[in-house]
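K.L.:
Here is what each chain is made of, one letter per residue.
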Amino acid sequence: MTLLGVEGIVKNYGGIQALRNCTMNFQEGAINGLIGPNGSGKTTLFNVMTGYETPDSGKVTFRGKDITNSTPDEVFAAGIGRTFQLTRIFPRLTVIENVHIAAQRKGLVAQMRQWSQPDERARALESLDFVGLTKLSREPAGSLSYGQQKLLEFAFIMVAEPKVMLLDEPAGGVNPTLLKHLGGRIKELNKTGVTFIIVEHDMEFVMGICDQVSVMHQGSALLEGKPEIVRNDPAVLEAYLGTDMTEVN
Amino acid sequence: MSTDTTISQRPTPPSYEVPKAIRYGALTVGFLVLVIFPLVFNNPTISTIGVFAMIFLMAVTGWNIFSGYTGYIALGHAVFFGIGQYATAMLASYWQIPPGWETFLLIPVSMFLAGLAAIPIGLIVLRVRKHTFIVLTIALMFIFQLFAYNLRGWTGGSQGLEVSQPPWDGSIFNLPYYYVGLFLAIIAIVTSFMIRRSKFGLSLLAIRDDEDRARSLGINTRNSKLTAFVISAIFLGAAGCMYAMFVGSVYPQFSFDPAFDLELSIMAFAGGLGTILGPSLGALIISGAQQYFLITFGGANVFLIVYGALFILILRLLPGGVVPAISDKWRSHVVRKEQRILDSELEGPAEAGAHK
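Quick note, the sequences are listed as chains A and B, same order. Take the first sequence: its letter number 120 is residue 120 in the numbering used here, and every next letter is one higher. Take the second sequence: its letter number 161 is residue 161 in the numbering used here, and every next letter is one higher.
Because the hints were derived from the structure by calculation, they are not lab data. Wrong hints could be hidden among the right ones.
Below, computed lysine-lysine pairings styled on BS3-like, alpha-carbon distance capped at 27 Å [to be verified]:
(1) A:Lys135 x B:Lys130
(2) A:Lys135 x B:Lys329
(3) A:Lys65 x A:Lys135
(4) A:Lys135 x A:Lys106
(5) A:Lys191 x B:Lys20
Some chain B residues judged to face chain A by a derived CB distance under 8 Å, without partners named [unchecked claim]:
(6) Lys199
(7) Ala206
(8) Ala259
For each label pair, taking beta carbons as the anchor points, the in silico distance ranges come out as [to be verified]:
(9) B:Ile143 x A:Pro176: 23 to 33 Å
(10) B:Pro319 x A:Gln104: 32 to 42 Å
(11) A:Val109 x B:Phe31: 27 to 37 Å
(12) A:Gly29 x B:Lys130: 36 to 46 Å
(13) A:Gln114 x B:Trp95: 34 to 44 Å
(14) B:Gly157 x A:Thr54: 27 to 37 Å
(15) B:Lys20 x A:Val109: 18 to 28 Å
(16) A:Thr54 x B:Tyr179: 30 to 40 Å
(17) A:Pro91 x B:Val135: 19 to 29 Å
(18) B:Leu346 x A:Tyr146: 25 to 35 Å
(19) B:Val35 x A:Tyr146: 43 to 53 Å
(20) B:Ser158 x A:Gln104: 29 to 39 Å
(21) B:Trp95 x A:Leu108: 26 to 36 Å
(22) A:Gln104 x B:Lys130: 52 to 62 Å
Remember, it's a predicted structure, so these values are computed and weren't measured experimentally. From the three backbone atoms N, C-alpha and C, an ideal C-beta is built for every residue, glycine too.
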């Protein structure tokens, strides 16, 4: 069943067509990979799906509902969490404060209550424990290493218990041990029913973890399928590497 | 290198906060000092310094609720300070309020009007960020100054307006202003404290660190900023009302004064921007010093040099402000203590050092 889908999305920046009639569906309960060469529109698609960019035309649907014109906070409240290509945490707040930010509250009175309610604290500590950062909970988040910040970003999205997590290059700048750790966490969360959409250039990581891989090229969907099929598809190789050199010769 | 080594080995991480006993003890002492100050120093010259300190205390605390917590440095809060002043002067004469205690009833009215004005102003200026925001707030303040100069029928133009002063005896004249000021300043500090420890306050701090990130975590950044902006304006309105009543006159160039916002930000920076008590401490030290130097070295504006030197000294020695400097000292004290415990547990300082 399609959980998150885009239909005929067009997005232009001046003369650059970032997305051209892009249609894609991401299945519920799957770990979806989204690959494509640099500039193929992956991050723009993420921005459109999470309310950071309004498409020039087309539609974004989440669980059958149109969310095309929703703001980022509404998108998050609906159950779509995301990480950024360059890790974005709150450096001057402590780690434990960071994991409390995403806890959702409705109404002015609730907003004025103390920032850490017992149930929120329990969830926050649980997700910190999940990524292995409990010991650092009172440190300013800015003092963590880059890899730890990636884990923290992952942890604070988890707190809101999203239905789907969009990860933009989770492997970028992360050492192999940590990457393995992160991959394990993604699989574990996926078993609990969280859907993932992962933009990544590390093919080994993508092919190893994803159930389904979509390929983007020049702003639209090129191919969708199982990792082993995508890996050997000539059109994908061409998109990544350009025309076959033997043909040129 | 592996993250697995960061998994908790000691059950609870150390707390870097200064212990409650010390914090509350210091607060109580500070509060008592402020309460008895005008009774001990009953010389009107000194207690006048006290009244101005209270006015700045509530103003800077209010300013910090918005600018300190969200990181949007507003340099046009004189707009709300001025609105409070003009509201007081205009309404006192319009409603023919006799000079005396009744005038103090204009405080809540000024607060309301300043807060009300902050809604449309906030909706306009909060659409932009960073430098553009700062420039826009300054511009807005000059627009209001021009209004005050030109709407002569209401504001008296450059002639200004008078607020009649009560016929109280000189020896006790300052006391009501001082204590009402102290009361309002405490309300501002308590509000600031409650916001800082609330979910709303955490959202504001998140906006300060990364506004777009905060939005993607479900925070309605526009409403949060606007709410903080309005709350902050309310306390500036109160400060303006107190100022107009105490000084007894209102002029465009002093009500909508660019130097006022600089003073507020200097006080907040010196004490510790974005902390609860830093700006209060900054207000007490700097406004006190400023008034004292004015009286002592006032003749040839020497006080400005001394004042500037003091400010440079604070920035040089305590770049983050007084309060962050204290908490940093405490933090390194805790870290050193933890390190000693770890060292003794591991029986080898080299291993403990590698652990961080």
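K.L.:
Hint by hint, say whether it matches the structure.
P.N.:
Here is what the structure says about each hint:
{"no.": "1", "hint": "A:Lys135 x B:Lys130", "in the structure": "violated, 35 Å"}
{"no.": "2", "hint": "A:Lys135 x B:Lys329", "in the structure": "holds, 21 Å"}
{"no.": "3", "hint": "A:Lys65 x A:Lys135", "in the structure": "violated, 41 Å"}
{"no.": "4", "hint": "A:Lys135 x A:Lys106", "in the structure": "violated, 30 Å"}
{"no.": "5", "hint": "A:Lys191 x B:Lys20", "in the structure": "violated, 44 Å"}
{"no.": "6", "hint": "Lys199", "in the structure": "holds, 5 Å"}
{"no.": "7", "hint": "Ala206", "in the structure": "holds, 5 Å"}
{"no.": "8", "hint": "Ala259", "in the structure": "violated, 29 Å"}
{"no.": "9", "hint": "B:Ile143 x A:Pro176: 23 to 33 Å", "in the structure": "violated, 59 Å"}
{"no.": "10", "hint": "B:Pro319 x A:Gln104: 32 to 42 Å", "in the structure": "holds, 37 Å"}
{"no.": "11", "hint": "A:Val109 x B:Phe31: 27 to 37 Å", "in the structure": "holds, 28 Å"}
{"no.": "12", "hint": "A:Gly29 x B:Lys130: 36 to 46 Å", "in the structure": "holds, 42 Å"}
{"no.": "13", "hint": "A:Gln114 x B:Trp95: 34 to 44 Å", "in the structure": "holds, 41 Å"}
{"no.": "14", "hint": "B:Gly157 x A:Thr54: 27 to 37 Å", "in the structure": "violated, 48 Å"}
{"no.": "15", "hint": "B:Lys20 x A:Val109: 18 to 28 Å", "in the structure": "holds, 26 Å"}
{"no.": "16", "hint": "A:Thr54 x B:Tyr179: 30 to 40 Å", "in the structure": "violated, 55 Å"}
{"no.": "17", "hint": "A:Pro91 x B:Val135: 19 to 29 Å", "in the structure": "holds, 26 Å"}
{"no.": "18", "hint": "B:Leu346 x A:Tyr146: 25 to 35 Å", "in the structure": "holds, 27 Å"}
{"no.": "19", "hint": "B:Val35 x A:Tyr146: 43 to 53 Å", "in the structure": "holds, 51 Å"}
{"no.": "20", "hint": "B:Ser158 x A:Gln104: 29 to 39 Å", "in the structure": "violated, 53 Å"}
{"no.": "21", "hint": "B:Trp95 x A:Leu108: 26 to 36 Å", "in the structure": "holds, 33 Å"}
{"no.": "22", "hint": "A:Gln104 x B:Lys130: 52 to 62 Å", "in the structure": "violated, 28 Å"}
In this structure, the earlier hints numbered 1, 3, 4, 5, 8, 9, 14, 16, 20 and 22 are contradicted, and the remaining ones agree with it.
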